[in-house]
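A.B. asks: Protein chains in written order, with the numbering used here: chain A, 1 to 221; chain B, 1001 to 1198; chain C, 2001 to 2247.
Simulated from the structure, these hints should not be mistaken for lab results. Remember, it's a predicted structure, so these values are computed and weren't measured experimentally. The hints are all genuine.
Some chain A residues close to chain B (C-beta under 7 Å, calculated; not the full set):
| no. | residue |
| --- | --- |
| 1 | Asp77 |
| 2 | Gly78 |
| 3 | Ser86 |
Backbone N, C-alpha and C define an ideal beta-carbon position, used for all residues, glycine too.
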Amino acid sequence: MSAAVAVFRRELLLAARRPAEWAQPLVFYAIVALLFPLGIEAHDPALKVFAPAIVWVGALLAALLGVERIFGGDLEDGTLEQLLLSDAPAPLLVAAKLGAHWLLTALPLVVAAPLLGIALGLEPLAVKVLTLSLLLGTPTLMFTGGFAAALTVGAQRAGILLPILVLPLMTPAVIFGGGAVRAAASGLPFDAPLYFLAALLALTVTLLPFATAGALRNAIE
Amino acid sequence: MPIPSLQVSNLAVARGDRNVVEALGFAVAAGEILHIRGRNGAGKTSLLEVLCGLRLPAAGRIEGQPDAEQRHWLGHKNALNPALSPDENLRFWCALSGHAEADVGDALQRVGLKAQRHRPCGNLSTGQRRRAALARLLALPRPWWFLDEPLAGLDHAGIDLLAALLETHARNGGAALVTSHQPLPQGLAGVRTLELRP
Amino acid sequence: MWTWFHQLASPPTFYRFADVLAPWLFGLAVLLIGVGVYGGLFFAPPDYQQGDAFRIIYVHVPAAALSLSIYTLMAVAGAVALIWRMKLAEVAVVAAAPVGASFTALALVTGMLWGKPTWGAYWVWDARLTSELVLLFLYAGVIGLNQAYSDPRAGARACAWLALVGVINVPIVHFSVTWWNSLHQGASILSVEGIRNPKISGDMLWPLLVSLAGFYLFFGAVWLRRMQNEVLWRERNARWAQETVAA
Chain A
1 MSAAVAVFRR ELLLAARRPA EWAQPLVFYA IVALLFPLGI EAHDPALKVF
51 APAIVWVGAL LAALLGVERI FGGDLEDGTL EQLLLSDAPA PLLVAAKLGA
101 HWLLTALPLV VAAPLLGIAL GLEPLAVKVL TLSLLLGTPT LMFTGGFAAA
151 LTVGAQRAGI LLPILVLPLM TPAVIFGGGA VRAAASGLPF DAPLYFLAAL
201 LALTVTLLPF ATAGALRNAI E
Chain B
1001 MPIPSLQVSN LAVARGDRNV VEALGFAVAA GEILHIRGRN GAGKTSLLEV
1051 LCGLRLPAAG RIEGQPDAEQ RHWLGHKNAL NPALSPDENL RFWCALSGHA
1101 EADVGDALQR VGLKAQRHRP CGNLSTGQRR RAALARLLAL PRPWWFLDEP
1151 LAGLDHAGID LLAALLETHA RNGGAALVTS HQPLPQGLAG VRTLELRP
Chain C
2001 MWTWFHQLAS PPTFYRFADV LAPWLFGLAV LLIGVGVYGG LFFAPPDYQQ
2051 GDAFRIIYVH VPAAALSLSI YTLMAVAGAV ALIWRMKLAE VAVVAAAPVG
2101 ASFTALALVT GMLWGKPTWG AYWVWDARLT SELVLLFLYA GVIGLNQAYS
2151 DPRAGARACA WLALVGVINV PIVHFSVTWW NSLHQGASIL SVEGIRNPKI
2201 SGDMLWPLLV SLAGFYLFFG AVWLRRMQNE VLWRERNARW AQETVAA
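Just chain A, with the same shape it has in the complex:
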């Protein structure tokens, strides 16, 4: 357990040392979400219709940005093989690492979501559901992104493989997240998609670290 805490704290320390890396997804997210109103006329009712998708796809792309670097640095400097050689259970260390990444890259997105939702013309209820859907959905994005990153970090010719891998894995979260906000915006019941998001969260956070650790072990062989 102390090992997981040590890994978690180290991620935060590294982010503090390199603030530009950490801030990049957040800036990207803001740009994406705020450029849309410029593309569509600001008072166009279509903006409200597209707002859930804009915010959710923005969150997905921003998460994708940060994911590539999660394990790359550690593989390069040899930290990864030491972590996998250590006593602590690898899935736990992976979960600690991804949890720290969620805190650093996704939580700011969740906090920024209400502002963006209002800027895009959503009603208060829809804004609340948007924030909740992002809170439930971004850990899924982070953990599935981490799994895909673990698969590609050991590949020598990965190229643009990471987005292709990530797309089918992240699609359900985006579908349910966007669906929940759309339902709330139209006055329809929105619990079902939120429950699905929570189920995805439970599944990915508990099971994916095992697969991720396995893929990492494969990468250092």
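With chain A's structure known, arrange chains B and C on it following the hints.
C.D. replies: Just chains B and C now, kept in the frame of chain A:
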């Protein structure tokens, strides 16, 4: 109590699709330093990785393999994050195994990095980074050392330092397996050589 | 029986076994597909609603069923490869992926061709179609991942992990028509309800079942051949492989 010896019988090690090592048998006991030598591509690193437990062998048996808390692996890479200082890096490795961080300063001093201990590793020279990696072996005392090409990147003083560390380690009952295509420093006691031919 | 299975896992034994079995599977497959498609085109009566447009079912349903079955088999092979580190299981995973991708694409395309006259649209974003498309991306991911690794064994093991994680999509595709409001037809054959009270008329059903069996045998034959190829390439430095090629 002396550590149990590491025994290898009929070991085969694969790299990619081929076996680079076949039907290998030997033993390493406490106080011994095994120097695994051979040309580039002979399979030294792959063999060491299998012995340490990073990978599985293709065939054969390893008995007495130390578990995680009993071994150190020093590979080609130093396991030092360039954004953090040697001090911070070592403290992390101590915290990871639940070991007290008290020996970190001492270890860095013994390898001659007292002045640089708070500078980011990215700003240190290759030799200094290698020394910082060696300091990890001192900050966390463990009986088994698996060192892959430890002489690479070290100057004369660094090589002497490594020889001294190995000597002390063996004298205290530890064991070390070292791969190197260069010969180890002269005068190092307790060294056996294992030659790998491709 | 387990000894036989263990022996089969040795590459040269498997190669010989596949060499013997594959031609029979091919022959039988061609026969069954021929009979099934012929029966479907000429013997099955036209549908009271869709007329002759429904006949694409004789390709669409086998392709879709195979797209799911192949992924499941890939995941099972992947589990075997990871747990027992069996070379042949790794080869099975890698060899199955392009075939599965092709069948998934075939299912999607035939579905689109069927959808235009019956639903009025080539594509809708309903649960079944979307999850089948996700399946196609998963296959593409497996294929791409294998090519991205220079060490074939490590690459195959990475694919095994992806196959295992993605297999959760298979029940989603199958049950999507029950769990969500879907434009796509519900399960008429592969459900408990469907077997008890068949929703499809007998003279339409038999060519479908024959065609289905033929397609599965065809996949079996193709899979064996692809595995043979892959095994031969991986073991190209071994003596048995060089002798086989020289012969």
